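Enquirer: Now for the letters of each chain:
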Amino acid sequence: MDSLHSLVPLASRVCVVVASLAIAACAGNGEGLDANGRPLVPGGSGSPPPLSADLDSIQANIFTPICSVCHVGGAAPEGLRLDAADSFNLLVGVPSTEVPSLLRVKPGDPDNSYIIQKLEGHQAVGQQMPYGCPTTQPCLTTSTIAFIRQWITDGAPPPAAAATVHAAAPLAITSVVPDAVEPVSASPPQIMLAFNHDLDATQIDGRAMHIERLMPGAPLATEIVAARVTISSANLRVLMVWPSRPLSAGHYRLLVNAGSSSQFSDVAGQSVSVGVPNELGESVISTFDVEVLP
Amino acid sequence: MIQRLTIAALMLAIVALLRTAPAQAEPYLAIMTGYKCNVCHVNPTGGGLRNEFGVTYAKVLLPAETIDNALDSWTGKITDRLQVGGDLRTDWSRDTAPNSPSQQAFALEQFRVYANLTLIPDRLGIYVDEQIAPNGTQNEEAYVRYGSTTDGFYVKGGQFYLPFGWRLQDQTAFVREVTGISMTTPDKGVELGYEHAAWSAQFDVTNGAANATTGSGYQVTTQVVYTKPIWRVGIAGSSTQSNIGDRHVGGLFAGLRTGPIAWLAEGDLVHDQSLPGGRSLAAGLLEADWRVLKGHNLKLTAEYQDPDRHVSNDQQTRYSFVYEYTPLPGLQLRAGYRHYFGIPQNNTQNQQLILMELHGYF
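Protein chains in written order, with the working numbering: chain F, 1 to 294; chain R, 295 to 656.
No wet-lab data here; the hints were simulated from the structure. You may find that some hints are simply not true.
As the list claims (entries may be wrong) - Covered stretches of chain F, as calculated for chain R (at least 3 residues, CB under 8 angstroms):
| id | stretch |
| --- | --- |
| 1 | 26–38 |
| 2 | 60–70 |
| 3 | 78–92 |
| 4 | 127–137 |
What the hints assert, rightly or not - If you anchor each label on the Cβ, the simulated ranges turn out as follows:
| id | chain 1 | residue 1 | chain 2 | residue 2 | range |
| --- | --- | --- | --- | --- | --- |
| 5 | R | Pro-638 | F | Glu-291 | 18 to 24 angstroms |
| 6 | F | Ser-187 | R | Val-449 | 55 to 61 angstroms |
| 7 | F | Pro-216 | R | Ser-394 | 40 to 46 angstroms |
| 8 | F | Leu-51 | R | Asn-433 | 34 to 40 angstroms |
| 9 | R | Glu-346 | F | Ser-248 | 50 to 56 angstroms |
| 10 | R | Pro-554 | F | Ser-187 | 56 to 62 angstroms |
To be verified - With the C-beta cut set under 8 angstroms, the calculated list includes, among others, these residues of chain R facing chain F:
| id | residue |
| --- | --- |
| 11 | Ala-409 |
| 12 | Leu-411 |
| 13 | Thr-412 |
| 14 | Gln-463 |
| 15 | Leu-563 |
| 16 | Pro-601 |
| 17 | Gln-609 |
| 18 | Gln-610 |
| 19 | His-633 |
| 20 | Met-650 |
Since the structure is predicted, the reported quantities are computational estimates derived from the model, not experimental observations. Note that CB positions come from ideal geometry on N, CA and C, so glycine has one too.
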């Protein structure tokens, strides 16, 4: 024990040295980087464009520097990634996971868009964002939120930059809501499939899908719920599947009917097959749980 | 009297001259005392509801002044089986960033209540942590716990915070933001835990935040901590499998008491394939808490993060200076100043924050 205590003064000195080194650690000088700390592209100015009511500007001035500090990659809260490649697809016309009855961005209707309520700190949508505001970082000012409001009022058009990025990638599903991981606490008004390209609406068969309720351990469905398939008028990358009646509590899966095509095409003619074929020739797209609270 | 005047003058000087900030880390108390988290908290990984010993510690040993008889009977227990607790934090803050108008505001930071229902003593219980305000109620933790959280194995299932590194109250600490594991990111799943003598260990399988809208993948998190009276060391790892790319996080953390000072350190590395092109990140924290007098704590924190280890000149640091004064049981005042340093072309990476907080707890 004595030897332990004799080590304390030495440990103190070590701590002070380490602390001094920590304090001496320097922030980067930003050389060769843009305003978000990413390497400059040839010809780039490094400064974000002035804030205006378009998603390119909102992305560069708000989503990337402020929101995507947390809302990025695999650790993004609520699965909402707000980096330039994902923000449009995961915002526009997409139900929020926290309040599924609200679209994150409802084009033309900023008051009923989840993101606006979240940024303005409405009671019904939980913690105000950016996280910690106004205590540990500033809330967005009314004038800043006004640009997002105006973008939504203008119909929430996609950014030119993101369209370029996605055009190069093959057509694919980017997200499904609800999903197998996050149960919903009430019957979802619709199931949402988000793609990375605008879909060819003329190829959508409105009766191509149905929903099945499964019992634990039972391989076959105990209940079949008809569904209607539409494409979001607000966002041609979002497919909505509407159950014909409210779903009670249980485990469900979404399928493409046997005999219907499980292939979707984008406006450029690219195609992708979705789902995993089952023994009946149907394609299972996703599974999810509904937990209806009493 | 002179001593009290000196302390009061020091407080005023800090508030008026050096300005102030909101780090609210409590792990320094564990370092100061040499206790494991489960000595004071119902949750074996720390935070949230204090157990009877924790309530007593907060009544008697933490505050500058103990109120005789006033709280003798309060242990948080409503019945033998039901215990409750809560924290309310309200504050005033002023935020200044280059080329931007300063913002200042009073805010109700949070009002949280906790409850623990013991169904079978030392074996089976249900725990709930609910944020009541602001912005409506929000469930933070809700789980069933089976087994001993003081000696042996336990299992909990439901929604809970993941065990990873120092469980800081300041959720904007770089080590918490970069790892993505904090007290703002509860997850659903199961945890297998082990508590014995100096050892604490947890193994968690949960959904993973990345899978909230994709319907695939999972997150595995594990942590082992070895605690001795004046020092402790821990190692933590977390791996998320998701169809947008896997994410792996590793961290080392340690604590040491030297006289009246408790030192906390943590270093984390992240490899995130879900970010465009894959990215490696790093973050570090060093904190010193000096117990000036009973009820008075001076907290100094230095933090560092590298948001992309393959990109030069993009590192960020921040320094915090916080004075915590606990005059009475159930009441704490904090005043602090924080300065961020980042690349000069980004205003938010170079902001300064002054904060004063009133914290009531029971």
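Enquirer: Now tell me, hint by hint, if it's right for this structure.
Expert: Consistency of the hints with the structure:
no.	hint	in the structure
1	26–38	holds (count 13)
2	60–70	holds (count 4)
3	78–92	holds (count 7)
4	127–137	holds (count 8)
5	Pro-638/R with Glu-291/F: 18 to 24 angstroms	49 angstroms, violated
6	Ser-187/F with Val-449/R: 55 to 61 angstroms	32 angstroms, violated
7	Pro-216/F with Ser-394/R: 40 to 46 angstroms	55 angstroms, violated
8	Leu-51/F with Asn-433/R: 34 to 40 angstroms	35 angstroms, holds
9	Glu-346/R with Ser-248/F: 50 to 56 angstroms	43 angstroms, violated
10	Pro-554/R with Ser-187/F: 56 to 62 angstroms	58 angstroms, holds
11	Ala-409	19 angstroms, violated
12	Leu-411	19 angstroms, violated
13	Thr-412	25 angstroms, violated
14	Gln-463	11 angstroms, violated
15	Leu-563	14 angstroms, violated
16	Pro-601	6 angstroms, holds
17	Gln-609	4 angstroms, holds
18	Gln-610	5 angstroms, holds
19	His-633	10 angstroms, violated
20	Met-650	10 angstroms, violated
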